[in-house]
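Peer 1: In case you want the letters, here they are:
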Amino acid sequence: MMKITQRLLGPVTLALLAFTVVMGLWITPPDTLLDGGGNYGRLLYVHPALAWVALYVSFGTTTIASGLYLWRRTRSMTMDRIASCAMEVTTLFIALTLITGSIWGRPTWGVWWAWDARLTSTAILGVLALGYLALRRANDDPADRARRSAVYGILIAVNIPIIHFSVVWWKTLHQQATVLTATGQVSVHGSLLLTLLVSFVAFTLLFAWLLRARYRLEVSRDTARATQQASALAQRQREGA
Amino acid sequence: MVEAKDGVDLTPVVPPAVAQRSRRRSIGVLVVLALAVVALLSQGLLKNLNYFETVDQALAQKSSLGTKELRLEGVVKPGTIDRTNTGASFVITGSGTNHVMVNAVGSPPQLFQPNIPVVVVGHFASKTSLLFECTQIMVKHSANYIAAHPNRVKAPNGSVR
Numbered sequence: 000m001m002k003i004t005q006r007l008l009g010p011v012t013l014a015l016l017a018f019t020v021v022m023g024l025w026i027t028p029p030d031t032l033l034d035g036g037g038n039y040g041r042l043l044y045v046h047p048a049l050a051w052v053a054l055y056v057s058f059g060t061t062t063i064a065s066g067l068y069l070w071r072r073t074r075s076m077t078m079d080r081i082a083s084c085a086m087e088v089t090t091l092f093i094a095l096t097l098i099t100g101s102i103w104g105r106p107t108w109g110v111w112w113a114w115d116a117r118l119t120s121t122a123i124l125g126v127l128a129l130g131y132l133a134l135r136r137a138n139d140d141p142a143d144r145a146r147r148s149a150v151y152g153i154l155i156a157v158n159i160p161i162i163h164f165s166v167v168w169w170k171t172l173h174q175q176a177t178v179l180t181a182t183g184q185v186s187v188h189g190s191l192l193l194t195l196l197v198s199f200v201a202f203t204l205l206f207a208w209l210l211r212a213r214y215r216l217e218v219s220r221d222t223a224r225a226t227q228q229a230s231a232l233a234q235r236q237r238e239g240a
Numbered sequence: 000m001v002e003a004k005d006g007v008d009l010t011p012v013v014p015p016a017v018a019q020r021s022r023r024r025s026i027g028v029l030v031v032l033a034l035a036v037v038a039l040l041s042q043g044l045l046k047n048l049n050y051f052e053t054v055d056q057a058l059a060q061k062s063s064l065g066t067k068e069l070r071l072e073g074v075v076k077p078g079t080i081d082r083t084n085t086g087a088s089f090v091i092t093g094s095g096t097n098h099v100m101v102n103a104v105g106s107p108p109q110l111f112q113p114n115i116p117v118v119v120v121g122h123f124a125s126k127t128s129l130l131f132e133c134t135q136i137m138v139k140h141s142a143n144y145i146a147a148h149p150n151r152v153k154a155p156n157g158s159v160r
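Taken in sequence, the protein lines are chains A and B.
Counting along the first sequence from 1, when you hit position 159 you're at 158 in numbering that gives the first Met the number 0, and nothing is skipped either side.
Counting along the second sequence from 1, when you hit position 39 you're at 38 in numbering that gives the first Met the number 0, and nothing is skipped either side.
Hints were generated in silico from the structure; no laboratory data involved.
Accuracy of the hints is not assured; some may be wrong.
[Said to hold, decoys possible] With a Cα cut of at most 30 Å, we get these calculated BS3-like pairs of lysine-lysine:
(1) LYS46/B x LYS126/B
(2) LYS170/A x LYS46/B
(3) LYS139/B x LYS170/A
(4) LYS2/A x LYS76/B
(5) LYS61/B x LYS76/B
(6) LYS61/B x LYS170/A
(7) LYS170/A x LYS67/B
(8) LYS126/B x LYS67/B
(9) LYS2/A x LYS67/B
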């Protein structure tokens, strides 16, 4: 069952992404967005889903895996690998979130970028995510690296609620929440909402697919490294004999 | 050199300073990170977490604001937009009768129009004036997305059903 699910992950992801594109570009009507700018609203099917994955799904995976690594009962290199691989995916999705947001901002707001609380805190998260990856590179000892990364990964998660509530706590140029609203009421019209929800599922599956691929690569690397070390040791032993 | 009876070198081997090197590198990364975060925050959030002042807030503290540069948010009053050779002039409103006249230089954003919230960057002409000299207009978009024609859905072939 697990194998079938894994095998289907790629094709289902691609199919849903294609479905999102068709729905978003051809099936759904334009948004009334400020009279005449209706087609900019189609970025709604990309930007929020990317942000959803970056901030909650992917970053959340790193945070949970980091917590599980620090907890003695569940400590394993598997957790460390999941946390680091998810952070790599997070970095990619944060970059895409910022890029698509900027593309939306230029025609809608009139500027590519605004130093408001939402945009700045998201950019800071991007820098912190890069910092996580840099910290891992800086440490040569696997156990030490895993422990420090886990602590750092949990600490920087403080930024997630700040990003989420920034549009509520402070006055920002960025609009308030469209989907994850405080009242639970979604302010998107029916047919647009359906496409939006499909995009959320599609990008979440894309995350799972990317994470799985990255994780498998990491396992292969570790195996190759261990094999290399074992053969080098065996050679030295033969030389010494 | 410490030698055993059979001539084998037994001098303790100094282990490579892996931990120390890692710690140094980690501290370096953390310092660079802290600098990057402060640099991002210094672009505005360290001074004020709010991106703009509303018309009501600006008028309430007008005397202290003087001609200082600020970002001001209000709704474009219908019938007041006058496009000029250098830009546009219009009125933005707050609650009640609060309003500010804006004299903007440069072309407004594509979606600029009456009845929408905008954020204008600039300063008041004087301490007592209600005229706001603006160098940039930004359109503030709402969180609502409503289909232009809810009952009509476009088919993939372009026809409207």
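Peer 1: Does each hint hold? Answer for all of them.
Peer 2: Do the hints match the structure? See the list:
1. For a cut-off of 30 Å, the pair hint linking LYS46/B to LYS126/B stands: about 22 Å separates their Cα positions.
2. As the CA atoms of LYS170/A and LYS46/B are separated by approximately 14 Å, the hinted pair is consistent with the 30 Å bound.
3. A hinted pair counts as satisfied when its Cα atoms are at most 30 Å apart, and LYS139/B with LYS170/A qualifies at roughly 11 Å.
4. At most 30 Å may separate the alpha-carbon atoms for a hinted pair to count; LYS2/A and LYS76/B exceed this at roughly 61 Å.
5. Pair hint LYS61/B plus LYS76/B holds up; C-alpha atoms about 21 Å apart against a cutoff of 30 Å.
6. A hinted pair counts as satisfied when its Cα atoms are at most 30 Å apart, and LYS61/B with LYS170/A qualifies at roughly 19 Å.
7. Between LYS170/A and LYS67/B, the direct Cα distance comes to roughly 19 Å. Compliance with the 30 Å bound is thereby established for this hinted pair.
8. Restraint check for LYS126/B and LYS67/B: the C-alpha separation of about 9 Å stays at or below 30 Å, so the hint holds.
9. Proposed proximity of LYS2/A and LYS67/B is contradicted: the alpha carbons are some 64 Å apart, above 30 Å.
Of the numbered hints given earlier, the model fails hints 4, 9; all others are met.
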